[in-house]
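Participant: Residue numbers (the numbering used here), protein chains in the order written: chain B, 1 to 169; chain V, 170 to 741.
Hints in this document: simulated from the structure, not taken from any laboratory. Honestly, I wouldn't trust all of these hints.
Claimed, not checked - In silico EDC-like cross-links for lysine to aspartate or glutamate, where the CA-CA straight-line distance does not exceed 20 Å: (1) V:359 with V:312; (2) V:370 with B:45; (3) V:313 with V:527; (4) V:653 with B:45; (5) V:611 with V:681; (6) V:313 with V:536.
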Amino acid sequence: MTPYALTVDAGVRDVLDADRLLHRMAARLALPEDVFGCTHLVRGDRPRVAVSLALPSRPLPDTLRERLAEYGTVTPGLPDAVGRAVLYPGVPSLTGTMTVAELLAGSAIARVTVLGTPGPPGPDTRMVTRDHVRPQWQRDELVLAATPARGGALVPFEAPDPTPCCADH
Amino acid sequence: MGHGHAHGHPHHHDHGHDHDHGTTAPLPAAFDTSVPDEALNPAQRSRRTLLRRAGLLGAGLAAGTVLSTDAAAQPAPATGGSRGKGGGKGFLWLAGDHHIHTQYSSDGKYRVVDQVRQGARHGMDWLVITDHGSATHARIGVEKVNPDIRAARAAHEDTLVFQGLEWNIPAAEHGTVFVHPGRNEVSVLKQFETDYDGGVKGATDSTPANEALAVAGLGFLAEQVRRRKVEDALMLANHPARKGIDSPHEIRAWRDATDGDRRIAVGFEGAPGHQAGGLPGPLGPGGARGIYDAGPGANSFAGYPLESYRTWGGFDWMTATVGGLWDSLLAEGRPWWITANSDSHQVYGDTGARGGGDFAANGRYDDPVYAGRIDITQNDYWPGQYSRTHVGADGFSYAAVMDGIRAGRIWVDHGQLISGLDVRVSGGSRWATLGGALHVRKGTKVTLTADIALAGGPNWAGFTPKLDRVDVIRGDVTGPVADKDTFTAPTARVARSYDIAKSAGTVRVTFELGRVDRPLYVRLRGTDGNRTAVGAMGAKADPAGPALDVVGDADPWRDLWFYSNPVWVLPS
Chain B
1 MTPYALTVDA GVRDVLDADR LLHRMAARLA LPEDVFGCTH LVRGDRPRVA
51 VSLALPSRPL PDTLRERLAE YGTVTPGLPD AVGRAVLYPG VPSLTGTMTV
101 AELLAGSAIA RVTVLGTPGP PGPDTRMVTR DHVRPQWQRD ELVLAATPAR
151 GGALVPFEAP DPTPCCADH
Chain V
170 MGHGHAHGHP HHHDHGHDHD HGTTAPLPAA FDTSVPDEAL NPAQRSRRTL
220 LRRAGLLGAG LAAGTVLSTD AAAQPAPATG GSRGKGGGKG FLWLAGDHHI
270 HTQYSSDGKY RVVDQVRQGA RHGMDWLVIT DHGSATHARI GVEKVNPDIR
320 AARAAHEDTL VFQGLEWNIP AAEHGTVFVH PGRNEVSVLK QFETDYDGGV
370 KGATDSTPAN EALAVAGLGF LAEQVRRRKV EDALMLANHP ARKGIDSPHE
420 IRAWRDATDG DRRIAVGFEG APGHQAGGLP GPLGPGGARG IYDAGPGANS
470 FAGYPLESYR TWGGFDWMTA TVGGLWDSLL AEGRPWWITA NSDSHQVYGD
520 TGARGGGDFA ANGRYDDPVY AGRIDITQND YWPGQYSRTH VGADGFSYAA
570 VMDGIRAGRI WVDHGQLISG LDVRVSGGSR WATLGGALHV RKGTKVTLTA
620 DIALAGGPNW AGFTPKLDRV DVIRGDVTGP VADKDTFTAP TARVARSYDI
670 AKSAGTVRVT FELGRVDRPL YVRLRGTDGN RTAVGAMGAK ADPAGPALDV
720 VGDADPWRDL WFYSNPVWVL PS
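Isolated chain V (complex conformation) (with noise of 0.2 Å):
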């Protein structure tokens, strides 16, 4: 529960301070406890339950469990060594959402602001936009969007908005490109969307020169950053699996087209947005889960078997899979996160309708009219309401969020499962967390540690999560590999699993993993216990994993998951 901010704690408060949130800006009043809560507007009260939730606010709640030294700053292990921030500082753990779409979308609805106060009131800290690429987006929209970016962040301080796009990524799926605001943000994605979208360039087949064309693009990217166009630029694959045309080798191209410590592509959801489309008819959507519908075609990796193309527990199967896909690409010990997000286009069960107007000549649709009825034929939810992304970020402010997202310090739930997570892998007096490495002499004592806050309240669906199962996962780190198209991980398995019987407030889970002689990773992974199977790789890797979600039966909200990202343990 990496809570930072305790009384009498030095953060910028510098009152006045430009919307844009350049430095790290003042705490959202709904983490400053020295705001009451009758001085809060409903959005502000409602986050702040949530943070009381996770015993996330509060002196004294926080010190138990603050991520409060240096090794928890640790950057991933392919950058190695350690970076010391200064004592006493922890984290503060700001819950987003990176995949976003509105009127600006071809396939969208929302104004900007709806989707941001949606998604302030469902609890999110940060929230990108990301209408997708397309020639009309990049000529108009990319631009017309920004200033209803602005607005909304004006009209919404404690909720932090980027501007981003859904790239069409050459050669393969889609993947969210933000940047952090600043004078160039318009002209850096304008010029990244015309020169290496895949469907403004006509690049969308699998082939080796459209491949080349997405690297060049995350190298542009890097570019941009070096020349301080803008302050920092991210890039995370979306629905990676969904129509197996993201082949391994892609995805660690993209992972290595640009290295040092300004890494662009640094992720892919580890579940996917759609989470209402398995709703059993005729009162939902009756499709798959995720909108994972799909089979093989001719740009899709020929490797891949069928059970990639749905849905396992709500989660894109790259990341359900213990010994998958990635964990092949933990086992080489570089850096590759995981995200949830809503993919929020149309809400299920929403009055809104789309308003008119001529998309192509206006690069938007007009603003969204009353429907005079609930559409019961849509997949979405708002921002916030199922998918969370959980970033420790080290203040409020857009580039700690960015630094948080690049540095790993990532978990995810549905359906809000648990309300908070605080991951410590400690040896030789050292520790880290989520994203981190634990550097150690060979032979060290290593013990893991997970304080896990229990929902303890009601979700949007109007229950209370019943956490009844927490597995610990751990693979070896075997290095680079040869074959770039490597998607499995002998050694990853399901090391221990624990049952949870309370029901409120947090739980510790223990984790010995002995005397380390050789270099691991650990991640951990929780459930209602609703839907379980055994895994693809075998009981002996994953007993009990994610089911294979049932087209047209999949309530989501019977079936949750969290997910942490790994912690590195790599004895020397």
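For reference, chain B alone in the conformation it holds in the complex (with noise of 0.2 Å):
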């Protein structure tokens, strides 16, 4: 991945939140079309989702640093390098329909593996985006794992809107 990383800890539990948090970040802090924004899954004695900007080429912002600031602990550098994408160059494109060759040409994402298929799907198959695309850092690629879907289409694996524990369903 980058050297040119900054990490907030802002002890934010759920992932979903965390994604809200980087989605604000891109609001208010006006960052460069192409940064990488992840959410990192921080286990142990208190379990929380951090986030990370990084950029491929070149460093962040000097004063970005100081700005993160307001939003929790800021720390160099990644804390894995299994990152979970939420702003990534393309992703504002990611939405409705479209097939695997248009998410591969018009993003970031490198890779779409589907789980229980040994190949990778078909440059034409359709892939549902339900406009929520995370894919995953996997050895420097952004990988998108999918699901098979009703008609032959595949879905992004990570639902939109995952049904809580105890739901009222």
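Once you've looked at the hints, go ahead and assemble the two chains, each given alone in its own frame, into the complex.
Facilitator: Next up, the structure:
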């Protein structure tokens, strides 16, 4: 990945709350368009979700560190190499239903894998994005895990609205 | 087909028994061949029809298949030794469900008697009422539900109704905890919930301290049994892989929390409830089967792959994966059993709507009301409508069901794929059945035979399921693991598959294990053959296992499986 990274630990407990934190940062801090904003699971005595901001080829703006301090504890670098990307180049265009080829061409996602299926999906396979596409870093590549969906399409593994525990279902 | 009650077999016919079934009660009328069909009410008649199909009714049918030797009663290998029961007496195979919610759950709806009535109608012999643990439930519901449960016991004498609760296991998922009925059933559950529920104690995070609280809770239950506050108590983990928060070391810690022959935590759901969740829209919920739609979070075990968060042929990944987590537990040679339940909160297609009322103040919702339309957004089935847990019991009693569960005499099915299963592993003139261990001299020739009663009639979706294939799964017993987070078992594999040509009656599957020179176990699995895929450990381990369920397109009736618990073979 990149040495130009900052991690913010705001004590967030839930992954989707961490997504919202990253989106707030993106809205308020005028982040560069090619920034990667990821979530990282921090396990142990106080399980929580940290967020990171990174640029692949140049340092983050000097002022950013100070401004990020308003959100939580800022440390240089990344907590791990398996961040789940919320902000990444091309993500605003990943909406509705698109082909795997379009998804790969229009974003920083390098590969799509399908759970329970040995090979990669064909480029013409439809992906129902549900406007929620969260690839994960794997060996310096952003990889999107998907599962089969109705009518031969795929959906990203991660649902936008997973059922909470003891939901009113 | 372990119906042990043949004509002339003496059993306790003390009419006027109390409804707590403190000792072995009279057989339900449906089982009792001296009661003519005409004397049965509709629910009893329905139950008898199921028994007939399974070959479980009547001396002539039972004679050939009854599980009736000492070997059958052997406990799991960890406790070792044989526990003779005296010849001639077999097991009643009693169908049940240990995961059922009512209006005493904040996400529930039904009266206790609604669930018991529906369960009885759908062939359930035993049920456990498991409303969610919570501060409200600990304060109000756990007491208030008890008179409703006792009333349901009185109204449905042929159905054993346990009081339990759905424990928020500290640091982990939910689990069924239930006790033998008796004077202290409420007080023990209330104390347990107050002191050890993860929600009540704010102990849901996956931390070492919270994990220790879960183990302490199981110790508390064991202590209540030891002190005879309750006759028995059991815990089974529910939907274990749903959120990735039941780590392998926690499952092992629960298993090992209590020892001796009164182990409290004895297994987990091989298949979760909410099986209607994947019915396609617009006439179904269009979600994930089992509502398994989560992903990793900060509390989940880092080692679990994404595949673990979804169901496979309706079963939880821990059980569905040949060579996966369940097999890794069995390879240790220690008992850990699977079940299949409804998790019934709100039933797909039902016309009932939740009643009003202040749940926080009353500990329950008001009684459900008629909605005037069917509800196609719900994910659940009635107890017994789709998922069944069949327990080999030593009689019709609460204690016998609990003993059967603890002994692992359990097989499970979906959609009434089969109606009876009699497994014997024999060698050296002894034999053992599900959950048991066959002790033989090294080099003894060992044979597995499974008599399978096919569906023989329509299920609750209105068609007769067709069993297509039966797999024998075999794994070596390699002893306790050094790494408590182990979740693979490299030697487990499908040893042989049998195509089933018949569509009615019974079929016998015979598998020669050969001369056994090392400890191993065998278990069975069967399918309607509609959906299969190569298993996670490769084609050598499982060439045609369950396939990943498709989100929004998983009609559970078109993908049926049964699973048995294991039988061990232990050469000396």
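Participant: All hints are to be evaluated individually against the structure, with a verdict given for each.
Facilitator: Taking the hints in turn, this is what the structure says about them:
1. V:359 with V:312: 8 Å, holds
2. V:370 with B:45: OK: residue 370 (chain V) and residue 45 (chain B) at ~16 Å, within 20 Å.
3. V:313 with V:527: 15 Å, holds
4. V:653 with B:45: At roughly 19 Å apart (the allowed maximum being 20 Å), residue 45 (chain B) and residue 653 (chain V) satisfy the hint.
5. V:611 with V:681: With Cα atoms ~16 Å apart, residue 611 (chain V) and residue 681 (chain V) stay inside 20 Å; holds.
6. V:313 with V:536: Holds - the C-alpha atoms of residue 536 (chain V) and residue 313 (chain V) are around 14 Å apart, at most 20 Å.
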